[in-house]
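A.B. asks: Protein chains in written order, with the numbering used here: chain A, 1 to 112; chain B, 113 to 228.
In short, the hints are calculated from the structure, not lab data. None of these values were measured; they are calculated from a predicted model. Idealized CB from N, CA, C, for every residue including glycine. Hints are not guaranteed to be accurate.
Label pairs and their calculated CB-CB ranges [said to hold, decoys possible]:
#1 A/55 / B/189: 23 to 31 Å
#2 A/8 / B/182: 19 to 27 Å
#3 A/95 / B/139: 35 to 43 Å
Which residues of chain B face chain A? A partial, calculated answer using Cβ under 10 Å [as the list claims (entries may be wrong)]:
#4 126
#5 143
#6 148
#7 153
#8 160
#9 164
#10 171
#11 174
#12 176
#13 218
#14 226
#15 227
#16 228
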Amino acid sequence: GENVEQHPSTLSVQEGDSAVIKCTYSDSASNYFPWYKQELGKGPQLIIDIRSNVGEKKDQRIAVTLNKTAKHFSLHITETQPEDSAVYFCAAPGSSASKIIFGSGTRLSIRP
Amino acid sequence: DTEVTQTPKHLVMGMTNKKSLKCEQHMGHRAMYWYKQKAKKPPELMFVYSYEKLSINESVPSRFSPECPNSSLLNLHLHALQPEDSALYLCASSQELMGGRVDTQYFGPGTRLTVL
């Protein structure tokens with residue numbers, strides 16, 4: 001089945017700097033990669049996703065890049081702000097269309 | 113609108129109680145999911161409903177009983193739970209499951225369950 005590895009587990013960056021979180025997946029047939037942000041006491045919220053027919057997608061300060069050959073994808077947050085502090089999860093399709101497999105999560109802290 | 117609502121927000125129950133968690137979406141989605149999330153862990157899939165029929169049960173103990181009364185509602189009935197079942201229970205929905213295409217899942221805020 002699919003396996004998703006996520007690094008780092010914790011990340012602390014200065015406000016205004018960039019943050020990068022990386023994930024690798026095992027199934028070369030995977031074609032959909034969402035990123036979720038989970039704030040304390042809330043459910044995961046989709047922040048950006050990418051399908052395998054593109055290599056990069058941007059939405060304001062957030063971007064995701066996909067390298068299908070290397071089977072990894074990354075989340076990039078530029079000009080970080082205090083409200084970016086949260087746990088971020090990457091995900092990839094599981095053994096069926098019903099399933100997505102989550103990475104282990106990255107706790108991002110923004111230092112003022 | 114990509115809102116999934118869940119009630120209650122918090123629930124405390126004893127091991128002999130029977131309670132239910134409720135989930136609702138009005139996005140016209142035909143797939144709905146229950147996940148369990150322990151502290152500092154990613155969500156774990158429990159059940160998937162597709163077109164109001166149970167399509168996946170991830171070997172969940174029978175003390176958890178899902179129900180999908182209609183395309184907008186999803187319930188999780190709880191009975192004789194154990195303290196280790198204490199967790200955040202998340203509901204999610206997606207457009208539909210067909211042709212192997214994975215559709216975006218939208219999550220509710222969760223129900224924080226404590227079993228005493």
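A.B. asks: If a hint holds in the structure, say so; if it doesn't, say that too.
C.D. replies: Hint-by-hint comparison with the structure:
no.: 1; hint: A/55 / B/189: 23 to 31 Å; result: violated (45 Å)
no.: 2; hint: A/8 / B/182: 19 to 27 Å; result: violated (43 Å)
no.: 3; hint: A/95 / B/139: 35 to 43 Å; result: violated (25 Å)
no.: 4; hint: 126; result: violated (24 Å)
no.: 5; hint: 143; result: holds (7 Å)
no.: 6; hint: 148; result: violated (12 Å)
no.: 7; hint: 153; result: holds (8 Å)
no.: 8; hint: 160; result: holds (4 Å)
no.: 9; hint: 164; result: violated (14 Å)
no.: 10; hint: 171; result: violated (13 Å)
no.: 11; hint: 174; result: violated (21 Å)
no.: 12; hint: 176; result: violated (18 Å)
no.: 13; hint: 218; result: holds (7 Å)
no.: 14; hint: 226; result: violated (14 Å)
no.: 15; hint: 227; result: violated (19 Å)
no.: 16; hint: 228; result: violated (20 Å)
Violated hints, listed in ascending order, are 1, 2, 3, 4, 6, 9, 10, 11, 12, 14, 15, 16; each of the other numbered hints is respected by the structure.
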